[in-house]
Amino acid sequence: MTPDTFTRSQWYAIGRLPDFEGAEAKPVRLLSQDLTVSDAAGVLSVNDADGRSLLTQIRYGHLWTTLSDTPRPLYDMPEFDEPDRRLVTVGGVGVRCSGLRCVENFLDMAHFPFVHTDILGVEEHPSVESYDVSMDAEKDEIWATKCKFFQPMASAAASGGQMTEYKYRVPHPYSTILYKTCPIREDVWDLVGLFIQPVEEDECIVHSFILVFDEENTDTGLLHFQQNIFLQDRMILENQVPRKLPLDPRWELPTRADASSIAYRRWLKANELQWGVALFNEAA
Amino acid sequence: MIADNDIALWRGEDGQIRAWENRCPHRGMRLSYGIVRGNTLTCLYHGWSYDGAGACAGIPAHPDLTPPKTIRAKAYRAADSGGFIWVANPGETTAAPSIDGDWVPNRSVHIDQAPASLNELADGMGAGLMSKITDHAAIVRVPGVEGEILLAFLDMKEHGAMIHTSVPASASEDAAIAVSKLSTRLRQVFKASSAA
Numbered sequence: 001m002t003p004d005t006f007t008r009s010q011w012y013a014i015g016r017l018p019d020f021e022g023a024e025a026k027p028v029r030l031l032s033q034d035l036t037v038s039d040a041a042g043v044l045s046v047n048d049a050d051g052r053s054l055l056t057q058i059r060y061g062h063l064w065t066t067l068s069d070t071p072r073p074l075y076d077m078p079e080f081d082e083p084d085r086r087l088v089t090v091g092g093v094g095v096r097c098s099g100l101r102c103v104e105n106f107l108d109m110a111h112f113p114f115v116h117t118d119i120l121g122v123e124e125h126p127s128v129e130s131y132d133v134s135m136d137a138e139k140d141e142i143w144a145t146k147c148k149f150f151q152p153m154a155s156a157a158a159s160g161g162q163m164t165e166y167k168y169r170v171p172h173p174y175s176t177i178l179y180k181t182c183p184i185r186e187d188v189w190d191l192v193g194l195f196i197q198p199v200e201e202d203e204c205i206v207h208s209f210i211l212v213f214d215e216e217n218t219d220t221g222l223l224h225f226q227q228n229i230f231l232q233d234r235m236i237l238e239n240q241v242p243r244k245l246p247l248d249p250r251w252e253l254p255t256r257a258d259a260s261s262i263a264y265r266r267w268l269k270a271n272e273l274q275w276g277v278a279l280f281n282e283a284a
Numbered sequence: 001m002i003a004d005n006d007i008a009l010w011r012g013e014d015g016q017i018r019a020w021e022n023r024c025p026h027r028g029m030r031l032s033y034g035i036v037r038g039n040t041l042t043c044l045y046h047g048w049s050y051d052g053a054g055a056c057a058g059i060p061a062h063p064d065l066t067p068p069k070t071i072r073a074k075a076y077r078a079a080d081s082g083g084f085i086w087v088a089n090p091g092e093t094t095a096a097p098s099i100d101g102d103w104v105p106n107r108s109v110h111i112d113q114a115p116a117s118l119n120e121l122a123d124g125m126g127a128g129l130m131s132k133i134t135d136h137a138a139i140v141r142v143p144g145v146e147g148e149i150l151l152a153f154l155d156m157k158e159h160g161a162m163i164h165t166s167v168p169a170s171a172s173e174d175a176a177i178a179v180s181k182l183s184t185r186l187r188q189v190f191k192a193s194s195a196a
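Chains L and Z supply the protein sequences, listed in that same order. Quick note: the first sequence uses the UniProt record's numbering, first residue 1, plus one each step. Quick note: the second sequence uses the UniProt record's numbering, first residue 1, plus one each step.
A couple of the hints might just be wrong.
[As the list claims (entries may be wrong)] Far from chain L, by Cβ distances over 10 angstroms, these chain Z residues were calculated:
1) Gly38
2) Asn39
3) Arg77
4) Gly83
5) Glu92
6) Gly101
7) Ser108
8) Asp112
9) Ile133
10) Asp174
11) Gln188
[What the hints assert, rightly or not] Computed beta-carbon distance windows for the label pairs:
12) Z:Val109 to L:Ile262: 43 to 49 angstroms
13) Z:His159 to L:Asp69: 44 to 50 angstroms
14) Z:Arg141 to L:Glu238: 44 to 50 angstroms
Treat the hints as calculated values from the structure; they're not laboratory data. Heads up, the beta-carbon is just placed ideally off N, CA and C, and yes, glycines get one too.
For reference, chain L alone in the conformation it holds in the complex (with noise of 0.2 angstroms):
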């Protein structure tokens, strides 16, 4: 399948600005297209199979591109321009799963005691309260506000267990970002955020960030934490069944604590997003 308009129009993280150091034609896949990134003398720039030059911008400690000649503007985070906060790039991991199902994963709290088991959630406390999910329709973009879950280690600068507050936005189909609160400072959200680079319809490559006010932890420190948490997901991630992200509601089951999933699953289809997306009629 050609990716869809709404897909097509994205940018997309590929990596970080070191990753192409001196690159020649270095070879990148993005939506089941081969892509070549090189760096002249400092300057990166992208090329499709056919030698046509694709926009780039280099954002968010990564380099985005699109294959749109007239792409949808990247979405804005403030918090990177912030003074005193930490940004971690954890750099790209591969997933075998359709890159929505990373985003709706990272959206859910309830597998928080079961798969990050006395580090984001106790099996003595999975209960999910109601949150809040709103669609700010001016930006098309999905938050989810109010979701309180019991933590024994919110973070690698928590020093012990706390009701954490988060936030979840998801500002593209690829993208989403947590605010959580921040251990050691008042009024202000620690964020954690995904780039998701779709190389075909059910596989992917994660990039994820932290950015943080933290004075204790040494970079790696924040590191080992982010791809600790993230590997015990990725053994859910790749072994969901299909690969590709279902839509119909009857062909998996959500209930209350889903809500920011459903919400997700709604945005997309209103968007007439296709590409990685499971169709009803394929199921056994």
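Model the placement of chain Z on the given structure of chain L, informed by the hints.
Structure of chain Z alone, referenced to chain L:
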């Protein structure tokens, strides 16, 4: 795998065998990664639990919620007999085989090329059919090998086939070893390269 469907097999405290579609109805996670507690199977992803009949028995995210009856794991008919676990194809209505006597499972081997029929499989083993149980299983005898052998195969089309054998609980060790060697030899008989 039954007819291209991935199956999760599990046995509860009650000893009963269950064969379910290998995906949780909630978010598609393979149930074969789940945890058996008593007579329930719990999905690894969100801890949803299913009773022995496949009905959702609990959703940890909402401890006070009685799970809707519509949430069910898809179950295939399954039975124990002759030392084998039997699973019915979807739509199959005949009763599960009931094989007389005590049998012990002997060997399961994978072969590259599925036999076209039970007769072809028996021929390949040098066995004679004594009584047919299903289109894919029979009691056979091999000249020179003491006692009967229960022989079955699961046709996995382009993925070849699985061959299973059982021997009577009373079989001697020599007979059991002989059957095991005969099973292993089938890998050579039904090699992919020898296919027409």
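Quick rundown of the hints versus the structure:
No beta-carbon of chain L comes within 10 angstroms of the beta-carbon of Gly38 (chain Z); the shortest separation is about 16 angstroms. With a least beta-carbon separation of about 20 angstroms from chain L, Asn39 (chain Z) lies farther than 10 angstroms from that chain, consistent with its non-interface assignment. Annotated as non-interface, Arg77 (chain Z) keeps its C-beta farther than 10 angstroms from every C-beta of chain L; the closest such distance is 17 angstroms. Listed as a non-interface residue, Gly83 (chain Z) keeps its Cβ farther than 10 angstroms from every Cβ of chain L; the least gap is roughly 29 angstroms.
Consistency note on Glu92 (chain Z): stated as away from chain L, and its beta-carbon is indeed over 10 angstroms from all of that chain's, at 15 angstroms minimum. Non-interface status of Gly101 (chain Z) relative to chain L is upheld: no Cβ of that chain comes within 10 angstroms, the nearest being about 36 angstroms off. Every beta carbon of chain L lies more than 10 angstroms from that of Ser108 (chain Z), the smallest distance being close to 24 angstroms; the non-interface claim holds. A cut-off of 10 angstroms between C-beta atoms confirms that Asp112 (chain Z) is not in contact with chain L; the least separation is 25 angstroms.
No beta-carbon of chain L comes within 10 angstroms of the beta-carbon of Ile133 (chain Z); the shortest separation is about 27 angstroms. Listed as outside the interface, Asp174 (chain Z) is consistent with that label: its C-beta sits roughly 43 angstroms from the nearest C-beta of chain L, beyond the 10 angstroms cut-off. Interface exclusion of Gln188 (chain Z) from chain L stands, the closest Cβ pair being 34 angstroms apart, more than 10 angstroms. In this structure the hint that Val109 (chain Z) and Ile262 (chain L) lie 43 to 49 angstroms apart at CB holds, the actual value being about 47 angstroms.
In this structure the hint that His159 (chain Z) and Asp69 (chain L) lie 44 to 50 angstroms apart at CB holds, the actual value being about 45 angstroms. One distance hint, 44 to 50 angstroms for the beta-carbon pair Arg141 (chain Z) and Glu238 (chain L), holds here, with the actual separation near 46 angstroms.
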